[in-house]
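Count along the sequence shown from 1, then add 746; that gives the number in our numbering.
Hints are supplied without guarantee of correctness; some may be wrong.
Claimed, not checked - Below are the DSSO-like pairs computed for lysine-lysine, each with C-alpha atoms no more than 30 Å apart in a straight line:
{"no.": "1", "residue 1": "K884", "residue 2": "K855"}
{"no.": "2", "residue 1": "K948", "residue 2": "K864"}
{"no.": "3", "residue 1": "K864", "residue 2": "K884"}
{"no.": "4", "residue 1": "K884", "residue 2": "K924"}
Claimed, not checked - Derived CB-CB ranges, DEER-like:
{"no.": "5", "residue 1": "K928", "residue 2": "T966", "range": "28 to 36 Å"}
{"no.": "6", "residue 1": "G927", "residue 2": "T906", "range": "23 to 31 Å"}
{"no.": "7", "residue 1": "D904", "residue 2": "D880", "range": "32 to 40 Å"}
{"no.": "8", "residue 1": "Q903", "residue 2": "S926", "range": "41 to 49 Å"}
{"no.": "9", "residue 1": "T933", "residue 2": "T899", "range": "36 to 44 Å"}
{"no.": "10", "residue 1": "T901", "residue 2": "E814", "range": "36 to 44 Å"}
{"no.": "11", "residue 1": "P873", "residue 2": "T950", "range": "38 to 46 Å"}
None of these hints come from the bench; they were simulated from the model. This one's a predicted model, so the numbers in the text were calculated from it and none came from an experiment. All C-beta atoms, glycine included, are put in the ideal place defined by N, C-alpha and C.
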Amino acid sequence: MRSTSTRRSTRRTAALCCALLAVTAATACGSSKPAGDGTISGAGTAPPTSASSTPASPTATLPPGAPEVALPADLKVTVQFPATGDAGKDAVAQSLTYALRAFNGALAKGDLQDPAFKYAYDGMARPYMANMIDQLVKRNQTVTGETRYYAPTITIQDATHAAFTYCEDQSKGYAKDKSSGKVLTSTPSVRDYTEWNLGLEKSTQGVWRVTQTLGEKGSTRCQKA
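Please put together the full structure from these sequences, using the hints given.
Rendered as structure tokens:
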């Protein structure tokens, strides 16, 4: 059995190096804390090798003019942001669905310059998300398994600003060594669950982009949701 420090060094989490930014009063959690500790979350069994990349969300369509997102066959990104019936909120959810898939695609490839990633993330959020990708690159690792996003709350603040809270489940997400192909697994725990608060801004081209991020790792609310 690996030591605790070893397990922590090999867990995957999108909260790896989250931006410690004040998202907006509408969604900022008073108890939010840094989620980044260089860990990789995942369960103790290997993932399937043929997971599809089809998202669960009905809003998971490609925004106009957005680059295609390519995910490897062994990486599944499940986004459960059901349509609300509110056109404004559904547009934000669609954009974030794309952004999450774009980030996972860039993470899997280890490409900080991935067009889809750069399209979806802007402002202070982009360098922090890029730092997560860079850390995996430096460890010669990629990602595999499944990441699930769910329990969304959307607040439209004005014509160009929105706040988005959601949960992330990394209990079936893993890091994988590129050289050996070995999947690095660990014991599932509450630390596989992260509650995210994001700020999004609409560009002059009418594109919603993630500009601010704040994550709280070890969320019991998300574990139970």
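Can the suggested window of 28 to 36 Å be confirmed for the beta-carbon pair K928 and T966? Once the Cβ atoms are compared, 31 Å apart, the range 28 to 36 Å for T966 and K928 holds.
Falls inside 41 to 49 Å, the C-beta gap from Q903 to S926? With Cβ atoms ~47 Å apart, the hint holds.
Is K864 within 30 Å of K884, Cα to Cα? holds (20 Å)
C-beta pair T933, T899: status relative to the range 36 to 44 Å that was hinted: Roughly 30 Å apart at Cβ, these two residues miss the hinted range, so it is violated.
Verify the proposed pairing of K948 with K864, using a straight-line Cα cut of 30 Å. holds (15 Å)
Distance restraint between K884 and K855, which requires alpha-carbon spacing of 30 Å or less: holds (13 Å)
Tell me if the straight-line CA distance from K884 to K924 falls inside 30 Å. holds (11 Å)
How does the Cβ-Cβ distance of P873 and T950 compare with 38 to 46 Å: does it lie in that range? violated (21 Å)
That 32 to 40 Å hint for D904 and D880 (C-beta), does it hold up? Given range 32 to 40 Å: holds, Cβ gap about 34 Å.
Could you see if the CB distance from T901 to E814 stays within 36 to 44 Å? violated (30 Å)
Has the hinted range 23 to 31 Å been met by the Cβ atoms of G927 and T906? violated (45 Å)
Checked against the numbered hints given earlier, this structure breaks hints 6, 9, 10, 11; the rest are met.
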